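Engineer: The primary structure of each chain is shown beneath.
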Amino acid sequence: MSDKIDFSTVIASAVHDMKNSLGMLLHSVDELRTELPDSIRNTDRFNTLQYEAQRVHGDLVQLLSIYRLDQKTLSPHIEEQSVAEFLEEQLARHQPLLDGMGLEVTLDCQADEGYFDANLIAGILNNTINNALRYTRRHILVSARHESDYLVISVQDDGQGFPEHMQDSPLDTQGSVDFANGNTQLGLFFADQVARMHREGDRKGFIRLNNTGKLGGGNFELWLP
Amino acid sequence: MEETERMQLYRKLRFLVTDDFENFRKSLRQMLRSFGAEKIDMAANGNETIAKCANEPFDVLICDYNLGSGKNGQQTLEALRHQGLLKHTALFAIVTAETSREIVMSAREYRPDTYIIKPITQAVLKKRLDALIDQRQALLPINQALDQGDEALAVTLCKQQQERQPRYRNAIRKIQAELHCRLGEYEPARAIYQQVLANRELAWARLGLGQVALAASEPDEAISEFETLIENNPDFVEAYDYLARALRMKGQDRQAQKVLEQAVELSPLAILRQRDLAEVAGDNQDMETAAGAWRATVKLSDNSVHDSPENYLGLSRCLTELSDGEDSPEGRRYADEALTILRTIGSRFKEDDDAELLRTLVAARVYAGQQQPDKGHKLLNSVSEQLNPETLTADQGLEYARALYALKDPGKAQGVLNKLAERFEKDKPVMEAIEALMDEPVSFQQKRKARALNREGISAFEEGRLDEAAEAFNQALALVPQHPALNLNLVQVLLKNVSQGESPDASLLKRCQSCLDQLAHLPPQHRQYKRFRHLQERIQSLRNRENTQ
Chain Y
1 MSDKIDFSTV IASAVHDMKN SLGMLLHSVD ELRTELPDSI RNTDRFNTLQ YEAQRVHGDL
61 VQLLSIYRLD QKTLSPHIEE QSVAEFLEEQ LARHQPLLDG MGLEVTLDCQ ADEGYFDANL
121 IAGILNNTIN NALRYTRRHI LVSARHESDY LVISVQDDGQ GFPEHMQDSP LDTQGSVDFA
181 NGNTQLGLFF ADQVARMHRE GDRKGFIRLN NTGKLGGGNF ELWLP
Chain G
226 MEETERMQLY RKLRFLVTDD FENFRKSLRQ MLRSFGAEKI DMAANGNETI AKCANEPFDV
286 LICDYNLGSG KNGQQTLEAL RHQGLLKHTA LFAIVTAETS REIVMSAREY RPDTYIIKPI
346 TQAVLKKRLD ALIDQRQALL PINQALDQGD EALAVTLCKQ QQERQPRYRN AIRKIQAELH
406 CRLGEYEPAR AIYQQVLANR ELAWARLGLG QVALAASEPD EAISEFETLI ENNPDFVEAY
466 DYLARALRMK GQDRQAQKVL EQAVELSPLA ILRQRDLAEV AGDNQDMETA AGAWRATVKL
526 SDNSVHDSPE NYLGLSRCLT ELSDGEDSPE GRRYADEALT ILRTIGSRFK EDDDAELLRT
586 LVAARVYAGQ QQPDKGHKLL NSVSEQLNPE TLTADQGLEY ARALYALKDP GKAQGVLNKL
646 AERFEKDKPV MEAIEALMDE PVSFQQKRKA RALNREGISA FEEGRLDEAA EAFNQALALV
706 PQHPALNLNL VQVLLKNVSQ GESPDASLLK RCQSCLDQLA HLPPQHRQYK RFRHLQERIQ
766 SLRNRENTQ
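Chains as they are written, first to last, in the working numbering: chain Y, 1 to 225; chain G, 226 to 774.
Since the hints were derived computationally from the structure, they do not count as laboratory data.
One thing to keep in mind: the hints can contain errors.
Stated by the list, open to error - Each computed EDC-like pair below joins lysine to aspartate or glutamate, with the alpha-carbon atoms no more than 16 Å apart:
1. G/343 / Y/17
2. Y/204 / G/426
3. G/603 / G/620
4. G/251 / Y/35
5. G/237 / G/426
6. G/483 / G/504
7. G/674 / G/664
8. G/351 / G/504
9. G/312 / G/338
10. G/251 / Y/85
11. G/312 / G/263
12. G/721 / G/742
13. G/483 / G/466
14. G/351 / Y/85
15. Y/214 / Y/108
16. G/351 / G/230
17. G/343 / Y/31
18. Y/204 / Y/85
19. G/399 / Y/79
20. G/399 / Y/80
21. G/653 / G/693
22. G/351 / Y/17
No experiment lies behind these values; they were computed from the predicted model shown.
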């Protein structure tokens, strides 16, 4: 043991702890939502409570993943997945909050199977959907399709859309995270890294952002080989 | 599947929820009830889960990873599998709040049907269970055939269902290929894996291909498959285990040890992997690494279905080697640790007479190595009536012989080993152990030196540097004078210079004869025996020639 403290290890372990605590808290909130009277559970304040807790939880999960990415201990376990089952489960995670906020969400799955690491991709979608919850007006569309031999999972909303400077296609985040600008880009950085880890032969996954979706708002696309 | 149909299934299936927190158990039960489940039992820990499963079979088990002080969820799963208490038709879900790498890796390794990361919401649980139950339903006939032990029927069903169940085609192919492999039908197994891989590089299919090669005793092919797999999936830890096995099949034990060391670093909580590493490191005379891996094995023995006196004996034997002849503080520490572990065997496995005898014999060796032969002899005397070479088990006999060598009684040790060789001549692993001990009844440091010198001698011999070869073998023999291969190697090197018809000088013949005399004890079952007899005859004829001239 060296006497020098490895600060990133300390932080990682603290993050781990906070994440587990928030997990317990979220579990309670979820239970409360089913037990409380409507006059409380569907209020903005209750929604904010759950939304913010969920958001921080998602951030912490991602932070840990980025740490492991950095430590080179994260590598994907790519397995065959039923895309419909997978997406339904991701939406189910957000359902109570979506209901509480009175938002409409549609799933349009035109893909049968896909090959990816379910935990890593769930982490990306969790944050993307959380993000859409924040910017949408009343409708979110999650869809999947096969296009040019890729599986494309897309999350769209009917909000204002992504600002011009974020719409790169495909996104280039190679070592260019601007930490000074808050953590918006960090989520995209992570999503991009995870997408790239999905390889098949010479093809690599990537992400795309644009405002050309069906709902008129932002359109986040995850392309997996 | 229709929702009403699924409700029916939930109603029929027997659920078991395991968690150490009552609140959590209740909340899960509440969720299951809302899905339509009626038969829901609950357990608070691993042992209760196992007891309930022994009593009646469950269809769906939902088990938390963290269960307090006893077995964790993964150990519970392992025990259920090991004791055959989990039907092929049953589903096992591990629930965990832990996403730490070690625990996820270890939970993944024992292949629960799924692991669900907390926090669990009702909606998420429903989706996950629905998907699992759909799959269970699709594979039900196949798994029922397996539960009845009818593997041939299961294969037939796999072939049929592949067409009917496109959604589960790969899952079915996987079962079918594993069955073929288990039944020794390597070609059809290979064909399935290759078919899958032709479409997409999937880890399970590549692993399967390597496993088939391993089962068919084709280590080279197996090694190449596992190496490809590791290149694509550097943290797929099972690939390392199998790669090590393939390397051992080829006799590349040092390489195998390196691979297992990597695997242990990736996923340190698997007891069998630690034990594999301990054994291969021990065979490589790398006692420090072996001791580390045995310590980990012993630590993981708690609550494990693989707990056994062997783990403790393995550690204490290894520590005995490390302490042998070392009166440094470090040597004494190793000896103390060995004696402590041996005492633990006494308290932990009280009813086990075999373990009791073995631990006494190992303890005698510890004292012998610490210059306390009196204590060693006293221990042997205390069990003397059990030390009959005609009735000892192979393990006991070997341990007895080790103790005798350590107590400087090689004659008696050889007698015991010769008797064992007679009784176990058809048992290959036992014969190898007898030979290894007879060949090198010395400390591992000396073994290490002798082996290095032997390798040096052989390469010198191969390059025609005969004097250097003879010198290396001579030095090695100074360490292990009765080593058969070394003695015979030296004889061969010395005779190499003697051409046909020429008579060698007397001193050379004398040296050869003294080598052969060292092997007078060699039992006919020893793998060097034929070579020994052959060289003995050769020397005899040369001496006759010398005498007649």
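Engineer: It remains to establish, for every hint, whether it holds in the given structure.
Structural biologist: Outcome of the hint check:
1. G/343 / Y/17: 13 Å, holds
2. Y/204 / G/426: 14 Å, holds
3. G/603 / G/620: 21 Å, violated
4. G/251 / Y/35: 15 Å, holds
5. G/237 / G/426: 39 Å, violated
6. G/483 / G/504: Holds, at about 13 Å.
7. G/674 / G/664: Since the Cα atoms of residue 674 of chain G and residue 664 of chain G sit roughly 14 Å apart, the hinted pair holds (cutoff 16 Å).
8. G/351 / G/504: Cα-Cα ~45 Å, so violated.
9. G/312 / G/338: 12 Å, holds
10. G/251 / Y/85: This hinted pair is violated, its Cα atoms lying about 27 Å apart.
11. G/312 / G/263: 20 Å, violated
12. G/721 / G/742: At roughly 20 Å apart (the allowed maximum being 16 Å), residue 742 of chain G and residue 721 of chain G break the hint.
13. G/483 / G/466: Holds, at roughly 11 Å.
14. G/351 / Y/85: Holds, at roughly 11 Å.
15. Y/214 / Y/108: 12 Å, holds
16. G/351 / G/230: Distance ~14 Å between residue 351 of chain G and residue 230 of chain G Cα, so the pair holds.
17. G/343 / Y/31: 13 Å, holds
18. Y/204 / Y/85: 24 Å, violated
19. G/399 / Y/79: 13 Å, holds
20. G/399 / Y/80: Status holds; Cα separation ~12 Å.
21. G/653 / G/693: 34 Å, violated
22. G/351 / Y/17: Cα-Cα ~27 Å, so violated.
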